[in-house]
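Based on these hints, arrange chain B on the given structure of chain A.
Each chain, written out:
There are 2 protein chains.
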Amino acid sequence: MFRLHYAPGTISVAVAIALERTGTAYAPVLVDFAQAAQTTATYHQVNPKGRVPALETPQGILTETGALLEFVAPDLVPTDPFAAARMRELMCYLNGTMHPNHAHGARGNRWADDPQSLADMKRKVPQTMAASCAYLDQMLPDLPFGTGAFDVVSDAYLFVVLTWLNADGVDIATYPTLAAFQRQMDAHPAVKAVRAKGMLA
Amino acid sequence: MFRLHYAPGTISVAVAIALERTGTAYAPVLVDFAQAAQTTATYHQVNPKGRVPALETPQGILTETGALLEFVAPDLVPTDPFAAARMRELMCYLNGTMHPNHAHGARGNRWADDPQSLADMKRKVPQTMAASCAYLDQMLPDLPFGTGAFDVVSDAYLFVVLTWLNADGVDIATYPTLAAFQRQMDAHPAVKAVRAKGMLA
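Those protein sequences? They're chains A and B, same order as listed.
Number 111 in UniProt numbering belongs to position 111 of the first sequence; there are no gaps in the numbering.
Number 40 in UniProt numbering belongs to position 40 of the second sequence; there are no gaps in the numbering.
Chain A on its own, in the form it takes in the complex (with noise of 0.2 Å):
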């Protein structure tokens, strides 16, 4: 069986969600960041890169959202050629733009050292996730397949970045197609599964 390393609230829930889409049989097992658990060396046998997710799987361990969610859900891969791609374009522009721009408000200690610096990446959050929204919210409609009816994979992706807009600042409510999408994402029972164990913040 799969095992799963995550954190509640954190990307890794991503993979949750499409694995309770898939009706695939895991084990979710906690890393614990407030006692700072994925700095241990137990953990870094099981991710070098101190990160979550992490999969067990038969074959080894695999890491990273974009990687992990088209192997446990292939089926919610669009079949035509140009649709995977504009689904891989989302995927990776949350993974390598919308992804670190969250990132700058608690996890700034990555790219600077200085308080103040840290300071002023956290003061910038809400006006770069404000522009992610803003790109997404036109980008959405556009694409050559639903979003928010979960027939493919990005839509857990782009749920769980949308579930840190709040404490970014950003109201979504701005956004109406991100909104529409949210709420038709919140209803789905894959999602409901994972909150109800807990891993949502």
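Think of the hints as simulated: they come from the structure by calculation, not from any bench.
There could be a bad hint or two in this list.
Since the list gives no way to pick out one identical chain from another, each pair is judged satisfied if it fits inside one copy or across any two copies.
As the list claims (entries may be wrong) - Below, simulated DSS-like cross-link-like pairs (lysine-lysine); rule was C-alpha separation at most 30 Å, straight line:
#: 1; residue 1: Lys49; residue 2: Lys124
#: 2; residue 1: Lys122; residue 2: Lys49
#: 3; residue 1: Lys49; residue 2: Lys197
#: 4; residue 1: Lys197; residue 2: Lys124
This is chain B only, laid out in the frame that chain A set:
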């Protein structure tokens, strides 16, 4: 024919290398960063994110390196699902961790405003890029496919990222696996072709 919007030395060149590798005809379109062309309304019609790469295809415009590489070179994606996942794991890491590490050198103003913060970020780049190299140097031999022979599309991605190390204050010779990878890729006809076209810095 594909039109590839690119800037020399940036990650967009990975897509050009993949197009050369597969013998796909494309027209390179220079986005002149020296003239801030990526910030103009004209370019934002191509890519509202103001980044490269952007690829004009018969079906529409696609962005994001990871998505584009799989789209233009599907035969360089492993057919085995676990191997494909490990390749995507590598590409996700480059996109979500190593490229942002690098970007804090020249593009810190994405995430902070104070000149002192930007200087602080810049100071840490050699450290974060070295940490990324140490991780990759251990990861590469463990992948279920060869690297450097350019049988997988992630080779193009990794190659371009590693061309940044010198400017980022990291000596690739410290990492034997990465150094060997880079030598092999450097001699590949696809890399030679983009170099001859002036696309590598």
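Exercise. For the identical chains here, do Lys197 and Lys124 meet the 30 Å Cα criterion within one copy, between copies, both, or neither?
Worked result: Neither, since 33 Å and 39 Å both go past 30 Å.
Could you figure out if Lys49 and Lys197 sit no more than 30 Å apart (CA to CA) within one copy, between two copies, both or neither? within (26 Å within a copy, 37 Å between copies)
Intra- versus inter-copy proximity for Lys49 and Lys122 (alpha-carbon distance at most 30 Å)
both (23 Å within a copy, 22 Å between copies)
Intra- versus inter-copy proximity for Lys124 and Lys49 (alpha-carbon distance at most 30 Å) = both (26 Å within a copy, 18 Å between copies)
Checked against the numbered hints given earlier, this structure breaks only hint 4.
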